[in-house]
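Based on the hints, put chain Y in the right spot on chain C.
2 protein chains.
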Amino acid sequence: MIIENIIGITAGILTSISMLPQLLKVIKEKTVEDLSLPMIIILITGLSLWVWYGIIKNELPIIFSNAFAVIVNLFLLSYYLRFKDK
Amino acid sequence: MIIENIIGITAGILTSISMLPQLLKVIKEKTVEDLSLPMIIILITGLSLWVWYGIIKNELPIIFSNAFAVIVNLFLLSYYLRFKDK
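Top to bottom, those sequences are chains C and Y. Last residue of the first sequence: 86 in the working numbering, with the numbers rising by one and none dropped. Last residue of the second sequence: 86 in the working numbering, with the numbers rising by one and none dropped.
Calculated from the structure, these hints are not laboratory results. There's no promise every hint is true.
Just so you know, same-sequence chains aren't split out, so a pair can sit in one copy or run between any two.
What the hints assert, rightly or not - Simulated pairs of lysine-lysine, BS3-like, Cα-Cα distance not exceeding 30 Å:
id : residue 1 : residue 2
1  : Lys84     : Lys28
2  : Lys84     : Lys30
3  : Lys25     : Lys84
All values derive from a computational prediction rather than experimental measurement.
Only chain C is shown next, with the shape it has when bound in the complex (with noise of 0.2 Å):
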């Protein structure tokens, strides 16, 4: 029981941070022509169900993890759509 909690908030915590760096690496460098579209937006969605299935399951890790992972692809899709055009 602990081991299971410890190993999926580290889990979570990992797979909630993975996108920062590429984040922050769009916000410093103002490009994204080799980043896909279609992946962050399959990401988001599915991000979005697994909240729910973890919502559903009252799992924390799993609700907190994506709904950070979630939000931190938003800003990516954000930058996206601002930097693409350039």
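Here is chain Y on its own, set in the frame of chain C:
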């Protein structure tokens, strides 16, 4: 019970396939300049822990979707390392 399985499996499929467009884009264009290496490494580590979490919790949608995502991101990592210095 049925609804949560549908949501979990759909969420799993979407987050699993989300990195495929990115992988195909990298293979096609052979450039990875705008991709973040820390993102890929942290993501693979986090996804692997999710597989472990899914095994402990015995939740198949979590196991399969994250295992698939680990494989896709290992390919992405190998292409990143191959194209980065070019």
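Hint check results:
Taking the shortest Cα distances, lysine 84 and lysine 28 sit within 30 Å of each other both inside one copy (14 Å) and across copies (19 Å). In this assembly of identical chains, lysine 84 and lysine 30 lie within 30 Å of each other by CA distance both inside one copy and across copies; the values are 9 Å within and 19 Å between. Taking identical chains as interchangeable, the C-alpha atoms of lysine 25 and lysine 84 lie at most 30 Å apart whether they share a chain (14 Å) or sit on different chains (15 Å).
In summary, the structure agrees with every hint in the numbered list given earlier.
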